[in-house]
Amino acid sequence: MVKVEGLYHSYARDGRYAVEDVSFAIAKGETFGFLGPSGAGKSTTQGVLTGLLQLQKGAVTVAGHDMRKPERSMFNRIGVSFEQSNVYDKLTALENLEFYRKLFDVETLDPMELLKTVGLDHVARKKAGEFSKGMKHRLTFARSMLNRPELWFLDEPTTGLDPAIASEIKDIIKKRKEEGATIFLTTHNMYIADELCDRVAFIIDGKIKLVDSPRALKLRYGEKLVRIDARWEGGTRSETLSFVDEKDRGRIKALVDSGTVETMHTLEATLEEIFIKVTGRGLA
Amino acid sequence: MKLLHSFLKDLRLAYRTYYVYMELGIALLVVAVLIFVMPENFNRSAKAWLHVADASLPAAAIEKALGEDGLDIGRVATGAELRERLEEDRSAIGFDLRLEDGRPKLVFVLQGYESASLRASLETSVEAAFSRALPGYRASTVTTTLRSRDATLSDRVNVLPVFLAMNAAFMGLFIIASYIFLDKSEGAVKAFAVSPAKVWHYLAGKMGVVAVTGLASGLLTVALVAGADAQYPLFVVLLLATNAFGSAVGLFIASFFDDLSSAMGWVFGSVALLGLAAVSYYLPSFSPLAVRLLPSYPMLFAFRETLLAAPDAGLVWANVGGYSAGALVLFLLAERQYRRRMTA
Numbered sequence: 001m002v003k004v005e006g007l008y009h010s011y012a013r014d015g016r017y018a019v020e021d022v023s024f025a026i027a028k029g030e031t032f033g034f035l036g037p038s039g040a041g042k043s044t045t046q047g048v049l050t051g052l053l054q055l056q057k058g059a060v061t062v063a064g065h066d067m068r069k070p071e072r073s074m075f076n077r078i079g080v081s082f083e084q085s086n087v088y089d090k091l092t093a094l095e096n097l098e099f100y101r102k103l104f105d106v107e108t109l110d111p112m113e114l115l116k117t118v119g120l121d122h123v124a125r126k127k128a129g130e131f132s133k134g135m136k137h138r139l140t141f142a143r144s145m146l147n148r149p150e151l152w153f154l155d156e157p158t159t160g161l162d163p164a165i166a167s168e169i170k171d172i173i174k175k176r177k178e179e180g181a182t183i184f185l186t187t188h189n190m191y192i193a194d195e196l197c198d199r200v201a202f203i204i205d206g207k208i209k210l211v212d213s214p215r216a217l218k219l220r221y222g223e224k225l226v227r228i229d230a231r232w233e234g235g236t237r238s239e240t241l242s243f244v245d246e247k248d249r250g251r252i253k254a255l256v257d258s259g260t261v262e263t264m265h266t267l268e269a270t271l272e273e274i275f276i277k278v279t280g281r282g283l284a
Numbered sequence: 001m002k003l004l005h006s007f008l009k010d011l012r013l014a015y016r017t018y019y020v021y022m023e024l025g026i027a028l029l030v031v032a033v034l035i036f037v038m039p040e041n042f043n044r045s046a047k048a049w050l051h052v053a054d055a056s057l058p059a060a061a062i063e064k065a066l067g068e069d070g071l072d073i074g075r076v077a078t079g080a081e082l083r084e085r086l087e088e089d090r091s092a093i094g095f096d097l098r099l100e101d102g103r104p105k106l107v108f109v110l111q112g113y114e115s116a117s118l119r120a121s122l123e124t125s126v127e128a129a130f131s132r133a134l135p136g137y138r139a140s141t142v143t144t145t146l147r148s149r150d151a152t153l154s155d156r157v158n159v160l161p162v163f164l165a166m167n168a169a170f171m172g173l174f175i176i177a178s179y180i181f182l183d184k185s186e187g188a189v190k191a192f193a194v195s196p197a198k199v200w201h202y203l204a205g206k207m208g209v210v211a212v213t214g215l216a217s218g219l220l221t222v223a224l225v226a227g228a229d230a231q232y233p234l235f236v237v238l239l240l241a242t243n244a245f246g247s248a249v250g251l252f253i254a255s256f257f258d259d260l261s262s263a264m265g266w267v268f269g270s271v272a273l274l275g276l277a278a279v280s281y282y283l284p285s286f287s288p289l290a291v292r293l294l295p296s297y298p299m300l301f302a303f304r305e306t307l308l309a310a311p312d313a314g315l316v317w318a319n320v321g322g323y324s325a326g327a328l329v330l331f332l333l334a335e336r337q338y339r340r341r342m343t344a
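First to last, the protein sequences are chains A and B. Residue numbers are given in the numbering used here: position 225 of the first sequence equals residue 225, and the series is strictly consecutive. Residue numbers are given in the numbering used here: position 172 of the second sequence equals residue 172, and the series is strictly consecutive.
Since the hints were derived computationally from the structure, they do not count as laboratory data. Where is the CB? At the ideal position from N, CA and C, for every residue including glycine. Hints should not be assumed to be uniformly reliable.
[Unchecked claim] A partial selection of chain A residues facing chain B, derived with a Cβ cut-off under 10 angstroms:
{"no.": "1", "residue": "56"}
{"no.": "2", "residue": "72"}
{"no.": "3", "residue": "74"}
{"no.": "4", "residue": "75"}
{"no.": "5", "residue": "85"}
{"no.": "6", "residue": "90"}
{"no.": "7", "residue": "91"}
{"no.": "8", "residue": "106"}
{"no.": "9", "residue": "279"}
[Stated by the list, open to error] Subject to a maximum C-alpha distance of 20 angstroms in a straight line, what follows is the list of computed EDC-like cross-link-like pairs (lysine to aspartate or glutamate):
{"no.": "10", "chain 1": "A", "residue 1": "177", "chain 2": "A", "residue 2": "150"}
{"no.": "11", "chain 1": "B", "residue 1": "190", "chain 2": "A", "residue 2": "83"}
{"no.": "12", "chain 1": "B", "residue 1": "184", "chain 2": "A", "residue 2": "89"}
{"no.": "13", "chain 1": "A", "residue 1": "126", "chain 2": "B", "residue 2": "186"}
{"no.": "14", "chain 1": "B", "residue 1": "198", "chain 2": "A", "residue 2": "98"}
{"no.": "15", "chain 1": "B", "residue 1": "190", "chain 2": "A", "residue 2": "156"}
{"no.": "16", "chain 1": "B", "residue 1": "190", "chain 2": "A", "residue 2": "71"}
{"no.": "17", "chain 1": "A", "residue 1": "90", "chain 2": "B", "residue 2": "96"}
{"no.": "18", "chain 1": "B", "residue 1": "2", "chain 2": "A", "residue 2": "71"}
{"no.": "19", "chain 1": "B", "residue 1": "2", "chain 2": "A", "residue 2": "107"}
{"no.": "20", "chain 1": "B", "residue 1": "190", "chain 2": "A", "residue 2": "89"}
{"no.": "21", "chain 1": "B", "residue 1": "198", "chain 2": "A", "residue 2": "105"}
{"no.": "22", "chain 1": "A", "residue 1": "133", "chain 2": "B", "residue 2": "186"}
{"no.": "23", "chain 1": "A", "residue 1": "28", "chain 2": "A", "residue 2": "198"}
{"no.": "24", "chain 1": "B", "residue 1": "190", "chain 2": "A", "residue 2": "95"}
{"no.": "25", "chain 1": "B", "residue 1": "184", "chain 2": "A", "residue 2": "95"}
{"no.": "26", "chain 1": "B", "residue 1": "184", "chain 2": "A", "residue 2": "83"}
{"no.": "27", "chain 1": "A", "residue 1": "174", "chain 2": "A", "residue 2": "83"}
{"no.": "28", "chain 1": "B", "residue 1": "2", "chain 2": "A", "residue 2": "110"}
{"no.": "29", "chain 1": "A", "residue 1": "116", "chain 2": "B", "residue 2": "96"}
{"no.": "30", "chain 1": "B", "residue 1": "2", "chain 2": "A", "residue 2": "95"}
{"no.": "31", "chain 1": "A", "residue 1": "3", "chain 2": "A", "residue 2": "21"}
{"no.": "32", "chain 1": "B", "residue 1": "2", "chain 2": "A", "residue 2": "105"}
{"no.": "33", "chain 1": "B", "residue 1": "64", "chain 2": "B", "residue 2": "96"}
{"no.": "34", "chain 1": "A", "residue 1": "127", "chain 2": "B", "residue 2": "186"}
{"no.": "35", "chain 1": "B", "residue 1": "198", "chain 2": "A", "residue 2": "71"}
{"no.": "36", "chain 1": "B", "residue 1": "198", "chain 2": "A", "residue 2": "66"}
{"no.": "37", "chain 1": "A", "residue 1": "174", "chain 2": "A", "residue 2": "150"}
{"no.": "38", "chain 1": "A", "residue 1": "28", "chain 2": "A", "residue 2": "5"}
{"no.": "39", "chain 1": "B", "residue 1": "198", "chain 2": "A", "residue 2": "107"}
All chains should be built: construct the whole structure from the sequences, respecting the hints.
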């Protein structure tokens, strides 16, 4: 669905690149996470993929369209949700969606139904300028779904939302994923990426450091350890034991058999820990 | 259809912002000033005081002759009173007619600020009147009216072309730039850029809104000030062409900037430059080539034609063609520029 080979982009065209030699491919129906801290080159890459930034160097194909000469018709198959809300403040939520709906040449979803999906149906006839930041963000998100996009670009879809709303947004993304949509998710939130993505790319200083599935990364970089808290002489004792070491495996079995185990946690690495290990930098 | 939807959305947005009301408000203010404050025609007769020192001189005949030259003559009894009146009214002039060695002598009493050319012109005109008042009068000045149709516009209606050029045509320059920058600040440009609609739909929709408001303010002003005398079909076509030109200039300028504050100098500079043509319109003697080359210069005279009872339709259509072609070229250049850096 998306193929990027040797992508470079320089805003000032002065040889200083915001993204440099970036290559990856996204299969149809795949959810691909682009993980990196602010300024890493995530939005620049998405800008080129969505035609907002001119392709300067490299080869990019999006939904079968060569991004050297993108055609407007490609946006009938693509949806883009921006990190910064961008709706008409002077129009109501419904008017915003009704306007954009009429720009498509394909069948679109009912704006009122979409507002209901993102929990804005009760303020459908209120001007977007009177919305909170989170409400505007949801309206921007809803707009990106109007044409039931085959390829869906999501830039920080849950940033700034309260946990309940963020959870609803994640459920919507999962549902569209189940329906077969290809999703390009740009985020610095490793929990979202871990939960939603089939594969993730770590990008830092404009360069991709690694591309793999969260599971494979955890297996590759995570410690195969378990921490066990067990009752011990009137108190509690904590032990960290290896799955791999034969002696430790025997100790785990003995603790479980003794019936003194209170809690037991596998110590797999989080994506953030793996990111730090691979890039030497944090995601914040 | 996308163009229509874009236009209708922009029209709705325009009526929810202040720009439209500002333009219509200015139009109504201009109408009010023209109708209730400005006379239909200015009184051009200057006040002049005449002192005739000797009873043997044909004072009444001289007074009548000076009056025929457009002077509002008042008589005073003494030379001192003449100076006193001139001190009271600094716009007035005076004539002191006396006998010296048995011959009439006319003394001009001026305020001191009159230019040499005005003094010469006054001297010629008054001496002509003076000679007419004497036996054996022979005409020494012949007046030829070069463009007899000029006289058919009242002073009040004659102001309209400047207003039409500035408000209906070039106000759009500022307004369309404001609309673009408002969209940029709200990020709506980015949202449009990832839709299947084309950039020209976006730009033309905005031009349509500016045309509607320009037409509304232009028609309102002309209908209330010029009434039935204006040539409305010609006027509407010219207004649409000039408005499109103004909007295209605004689009072109706005395409190079990211926000209104950085473009402000160019936007207001352009409007001020175009406004220079109004000086030449009112003072035809000041019309250097640089001013005549301004697009607003022929526009003013074309608008004036549409207000005349017998307009030069050829001149108006030539202007319509010129401004339409200019608008198209600028629109295409702007469209190209927006495609390149619409979301920059």
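For a C-alpha distance cap of 20 angstroms, please report whether residue 190 (chain B) and residue 95 (chain A) respect it. holds, 18 angstroms
Distance restraint between residue 190 (chain B) and residue 83 (chain A), which requires alpha-carbon spacing of 20 angstroms or less: holds, 12 angstroms
Holds or violated: residue 127 (chain A) with residue 186 (chain B), Cα cutoff 20 angstroms? holds, 14 angstroms
Is residue 198 (chain B) close enough to residue 98 (chain A), meaning Cα to Cα at most 20 angstroms? Judged against 20 angstroms, a Cα distance of about 18 angstroms means the pair holds.
Does the alpha-carbon distance linking residue 198 (chain B) and residue 107 (chain A) stay inside the 20 angstroms limit? The given pair, whose Cα atoms are some 18 angstroms apart, holds under the 20 angstroms limit.
When you check the alpha-carbon spacing of residue 174 (chain A) and residue 83 (chain A), does it fall within 20 angstroms? With Cα atoms ~19 angstroms apart, residue 174 (chain A) and residue 83 (chain A) stay inside 20 angstroms; holds.
Has the given pair, residue 184 (chain B) with residue 95 (chain A), been kept, meaning a C-alpha gap of at most 20 angstroms? Since the Cα atoms of residue 184 (chain B) and residue 95 (chain A) sit roughly 19 angstroms apart, the hinted pair holds (cutoff 20 angstroms).
Taking only the CA atoms, is the gap from residue 2 (chain B) to residue 110 (chain A) under or equal to 20 angstroms? Within the cut-off at roughly 18 angstroms; holds.
Need the status of pair residue 198 (chain B), residue 71 (chain A): alpha-carbon distance at most 20 angstroms? holds, 10 angstroms
Residue 3 (chain A) paired with residue 21 (chain A) [C-alpha distance capped at 20 angstroms]: holds, 13 angstroms
Holds or violated: residue 2 (chain B) to residue 95 (chain A), with C-alpha atoms at most 20 angstroms apart: holds, 15 angstroms
20 angstroms Cα cutoff - pair residue 133 (chain A), residue 186 (chain B): Distance of about 13 angstroms is within 20 angstroms: holds.
The structure fails hints 1, 9, 17, 29 (numbered hints given earlier, in ascending order).
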